[in-house]
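Novice: Here is what each chain is made of, one letter per residue.
Protein chains: 2
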Amino acid sequence: MTTNQLVQQIKKKKSFLCIGLDVDLNKIPPYLLKEDDPIFAFNKAIIDATHHLCVAYKPNTAFYEAYGLKGWKALEKTINYLNEKHPEIFTIADAKRGDIGNTSTMYAKAFFEDLAFDSVTVAPYMGKDSVEPFLAFENKHTILLALTSNQGAFDFQTKTVDGKELYKQVLEISKSWENSKNLMYVVGATKAEFLADIRQIIPDSFLLVPGVGAQGGNLQDVCKYGMNDQIGLLVNSSRGIIYASQEDDFAEAAAMKAKVLQQQMEVELTN
Amino acid sequence: MTTNQLVQQIKKKKSFLCIGLDVDLNKIPPYLLKEDDPIFAFNKAIIDATHHLCVAYKPNTAFYEAYGLKGWKALEKTINYLNEKHPEIFTIADAKRGDIGNTSTMYAKAFFEDLAFDSVTVAPYMGKDSVEPFLAFENKHTILLALTSNQGAFDFQTKTVDGKELYKQVLEISKSWENSKNLMYVVGATKAEFLADIRQIIPDSFLLVPGVGAQGGNLQDVCKYGMNDQIGLLVNSSRGIIYASQEDDFAEAAAMKAKVLQQQMEVELTN
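Chains as they are written, first to last, in the UniProt record's numbering: chain A, 1 to 271; chain B, 1 to 271.
Honestly, I wouldn't trust all of these hints.
As the list makes no split between identical chains, a pair holds if one copy fits it or if it spans any two.
To be verified - Here are the simulated EDC-like pairs of lysine to aspartate or glutamate, each with C-alpha atoms no more than 20 Å apart in a straight line:
| no. | residue 1 | residue 2 |
| --- | --- | --- |
| 1 | K175 | D204 |
| 2 | K159 | D129 |
| 3 | K181 | E76 |
| 4 | K34 | E172 |
| 5 | K77 | D129 |
Don't read these hints as lab results, they were simulated from the structure.
Just need the whole structure built from these sequences, with the hints factored in.
Specialist: In structure tokens:
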């Protein structure tokens, strides 16, 4: 998917909501456990109920890998379902990968070709030659970790490197990499006050913003400091939406939570 | 497996060789492609031919994920085969994971429980709360990326942070994390001259050293600067061993390459 197609979809749906499909079998409605594939059954119900309210889905691969082969199969079914039923929706494999050149190429193939995701999250620690193999794929997007939403972000990311915080070095240096137009960045909503500075460095890039809701981030602040003239934001909510109810009505309850966020986003887009 | 058991195995086998099982279907003997599971067939033959010469195997998960469900199944069969036939061998899931707390716990379960690996490689960028969930597992080992063997290591890892290179900050700060005794570190052989400094910070930790052979690192330098009184080294070779031949004799050829490295290691252990 091109960035332009993503922007068009945001304008049409009046939403820049991304829903995180982080499925934990201990948190889904117990009656689903009788299904052949409870993870996919859960995802399908969530997607069917929310696809008109969001522009992206983001399965975190850890939750699938934790269930071994069954989990991997559920991930495959989920992305295939999305690509068949809702090809207009932007898909993110939240995998946080990063390895040396030839290995990164294998990861890129796994997520962009085998599973046909539109994008994948990647860690920057190993530098240019660990990220460029992902950037080589046309109309695929590499979402680089910059400033994450967790407390541990302050251990290294905000430390000063050659006069500038490490996450700013990541933003700055990555701009010079080949095909850097295919880069997006993860910036946590819990650190919205950093967004003004970030926009100085990367005015045009899309940002994937986790941490609104359960982790305490504020949507209005994110928009105030992070939105650009092409919107440039995908705001993610996972637990706050998908675990709104553990009863039969879980999908409707998720849609209601998604609707609340979509309406707040519509206000921000109108402003 | 305890660190002490690993040290005993090294002394017994006179080897601290780790063999990287990075299986690429384009590089294995073509006749294996007729097998039901060519990846596992290749790994089994390599393991059968080399297990007496090495103390660890390290599948890089990217190579398995790239083949989707089939790849994941091959990884599962490989680790199960190792745990059943050679429980004395140290197993490393080279996955370079790292995510926020609850997600890291899912990854830890995937690799330590579901797949029953002894260790997993983890990226430090997201800090303490992304790594501690891995450290909570008794007699399991978390191998943190410190200074990697690729060129991109110079993009961020060697940059100066508060007066000290980032990779040294990673070593220093990670020592204070809970259960840090379960930490090992990745240090590339291509940067052997950095090992003396590294040993000042972490004199006792085990180091996983990739980059000997194909990537140009030198075993003698690694031992000179990196070995401690409990050896403290696992030196990895992947392509240099497993792709020694593409003919029927690939397993014997791999064993010959492994034997050369084991003999060099025996010399270093005797010195």
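Novice: Taking the hints in turn, state whether each one holds.
Specialist: Here is how each hint holds up against the structure:
{"no.": "1", "hint": "K175 / D204", "verdict": "within (11 Å within a copy, 39 Å between copies)"}
{"no.": "2", "hint": "K159 / D129", "verdict": "between (23 Å within a copy, 16 Å between copies)"}
{"no.": "3", "hint": "K181 / E76", "verdict": "neither (28 Å within a copy, 37 Å between copies)"}
{"no.": "4", "hint": "K34 / E172", "verdict": "neither (50 Å within a copy, 48 Å between copies)"}
{"no.": "5", "hint": "K77 / D129", "verdict": "neither (31 Å within a copy, 31 Å between copies)"}
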